[in-house]
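Please put together the full structure from these sequences, using the hints given.
The lines below spell out each chain.
Protein chains: 2
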Amino acid sequence: MTSDDDTRQLADEVKVGSRAALGRAITLIESKRPDHEAAAQALLHTLLPDTGSAVRLGMTGMPGAGKSTLIEALGSKLTSDGHKVAVLAVDPTSQRTGGSILGDKTRMTKLAINENAFIRPSPAGTTLGGVARRTRETMLICEAAGYDVVIVETVGIGQSETTVAAMVDFFAVVQVAGAGDELQGIKKGVLEIADLIIVNKADGDNLKRAQQAVAEYRAALNILTPADPLWQPQVLAVSALYDTGLDELWKIVGRHGRIMRDAGALAEKRREQQVGWMWALLEDRLKLAVSRHPLLASRLPALEVAVREGTMTPTAAVNEIIRELGLQK
Amino acid sequence: MTSDDDTRQLADEVKVGSRAALGRAITLIESKRPDHEAAAQALLHTLLPDTGSAVRLGMTGMPGAGKSTLIEALGSKLTSDGHKVAVLAVDPTSQRTGGSILGDKTRMTKLAINENAFIRPSPAGTTLGGVARRTRETMLICEAAGYDVVIVETVGIGQSETTVAAMVDFFAVVQVAGAGDELQGIKKGVLEIADLIIVNKADGDNLKRAQQAVAEYRAALNILTPADPLWQPQVLAVSALYDTGLDELWKIVGRHGRIMRDAGALAEKRREQQVGWMWALLEDRLKLAVSRHPLLASRLPALEVAVREGTMTPTAAVNEIIRELGLQK
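The listed protein sequences correspond, in order, to chains W and A. Read in order, the letters of the first sequence are residues 88 to 416 in my numbering. Read in order, the letters of the second sequence are residues 88 to 416 in my numbering.
A couple of the hints might just be wrong.
What the hints assert, rightly or not - Facing chain A, according to a computed beta carbon distance under 8 angstroms, are these residues of chain W, among others:
1) G276
2) L283
3) E303
4) R305
5) I310
6) L311
7) A314
8) W318
9) R345
10) E370
11) V394
12) T398
If you're looking for bench data, these hints aren't it; they were derived computationally from the structure. Yeah, the Cβ is synthetic: ideal placement off N, Cα and C, and Gly gets one too.
Written out as C-alpha cells, the structure reads:
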C-alpha cells in the first residue's frame, strides 16, 4: 500500500463507507513504519476535502463515572436518530499497558454490533502527543467515511483532557454525585475547559445528591469568567442507565454548535486548533531531535541534573543545547 | 564589565548588600548585548550558591483590585518586622508599551523610599518568556543580595499568571468584592494555580460583600481537587487600606511554607520549576530558531496558512519543517 493509485483507491473506498477500507486506513495511520507513515499522510491529504462535517464531541471522566455506559446510551440514541457515530479514544495509559482501556468494544456491547457505529480503541504510543495525533487523524478519516458524530473519550490522566479538548468542538466532563455527601472533586484544569459538566447516575437514591451536585457545580462555574464569551458552560444531570437527560444533552451540544457557527466561531476555533496542533507536534519533534542528537544524547541528562540541583541556570543549559544543535541565531 | 575579575567583584558587592551593585547586576541581566548576556550568566553562576533562601511570593490581580496598595502595605509590615523585601514584576504589556506599568515606584511611594525594600519594574522584552526569564534571574540576584522575601507581581494578561506561578513558592490572587452584588469573576486558569484568594477592599460598605465573596470562592474551591494534596487553597478577606488581614495573610504564607518544607515538597517544587523552566526556555529558543531559519523563514507562513485552512495536515507541515532543519532522526 504505497503507490498513489493504491492511496486513491483506498480513499475512494473509505468515502463510500466501506468498513473494511476504514479499518485499513486507520491501521495505516497507526503504523510506525516510515513508508506507512508517508502513505498515511498521502491518504489524509486526499481525504482532507471530505473532512470537517462531523460534530466533534470530547468526553472525559474518572473511572467509575459511567462514561462508557453514557457513550453507549448516547451513541445508540444518535444512531436511532439516523446519525453515524464514531467513538475514538485518547488513552495516555496505552503507552504503558500496550493495550487500551478505552474505546473497548467489550465495554460498549450494543454499539459494538451497531452498523451505524464505529468503535476504535486508543492506539498505542510512546507519547501522549503520538497517541493523540493518531486519534486526531483517525477522526478525520471517520469524517471522510461519513460519520457525522465523532466522540473522543479520555480518562482524566495527565494532560489528556486538554489534549482532547484541543481536537473537538465541544468538551464535556462526566462526574458522579458520589457516595455520601462528598461532592466529587473536579480535577484542576478540567473545569476550565468544560463546555458542559454532566452529573451522571442521577437516578434512584442518587437523584437528590445529583441535583445538589448540579447546583454546586453551577455556583462554581458562575464565579469563573467563561473562556468563550459566546458560551456559558452548562451543568446537566443525566442517567445513562435509565436514558434520562440524553435528549437534553444532545440539545445542549446542538445549541452550542449553532451559536458558534452563527458567529463564525466554530470554523475559527478549528483553524486555531489546527495551527496549535502543528506547533505542539513541532515541539514534540524538536524535543525528540534534541534528546536523540548525537552530541546531546549523552550531555542532556547531566544538564538537566545541574539545572534541577540549581548548580546551573536554565538559561546557561539552554544556551549550550542551542550551540550543540548548531541552531545558534 | 566582561572579565572574570569584574564578575567576581560585582558578585561580592551584591552579596554584601550594595544597592548600587544590585542595580548594576540587574541591568546586566536585562541587557540584550551578547557580551552582557554572557557576563550575566557568569555572574548568576557565581551567585547561585547564595540563592534560594527567600520566600517567593507571587501575586496577580486585575487593575483596580488594589494590588499595589496591598503590596505596599504588606511590604511595609514585613520590613518593619525585620524582613528585606524585593518587589519584581512580570508585565506582558511591557513588550508593547516599552515601559512598565508594574513594580512602578510611583505606585508604591512608601516602599520606594524604604531602605529595606527594593522595587524593580518589569523589564522590557519581546516575548513573555524573555520578560519572565529576566525577572526570574533578577529574583535570584535579589536573594543573593540578602532579600528574604521576594514578591513577584503580574497583571492578569495572557499566560502571565501561570508564568509567575512557575517561579514562586506561593501564588495569591487578589480579587475585590466589586460594586453591586456581582461577584468578580476569576479568570480561567487562575483558580487552578491559586494557593490563596485574597478578597481585598474588605472595608466600609464593601465589608458585607467581601465576606459573601469569601464564602462563594470557598465553595468553588471545595469542588476542585487541590493541585497539591498537602495544601487546600485558602480564601482571606483583607483591607490593604486599613491594614486588616495582613498579619493573617503572612501567617498563611508561613504555614504553607512550613507544611511544604517539612514534607520536603518545597525543595522538590523548586527543582521541578527549574527543569520546567529549562524546557520552556528551550522551546522558545527552538521556535525562534525555526522562525529565523533561512530555509524556513520564507516557507513557514505558507505552511501555517495551509494548516490553518485545512489543506495540509499538521503532521505533513511538521515533517517538512523537521526535514528543512536537517534534524531528521
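Okay, the hints, checked on the actual structure:
no. : hint : result
1   : G276 : holds, 6 angstroms
2   : L283 : violated, 15 angstroms
3   : E303 : holds, 6 angstroms
4   : R305 : violated, 10 angstroms
5   : I310 : holds, 5 angstroms
6   : L311 : holds, 6 angstroms
7   : A314 : holds, 5 angstroms
8   : W318 : violated, 12 angstroms
9   : R345 : violated, 21 angstroms
10  : E370 : holds, 6 angstroms
11  : V394 : holds, 5 angstroms
12  : T398 : holds, 7 angstroms
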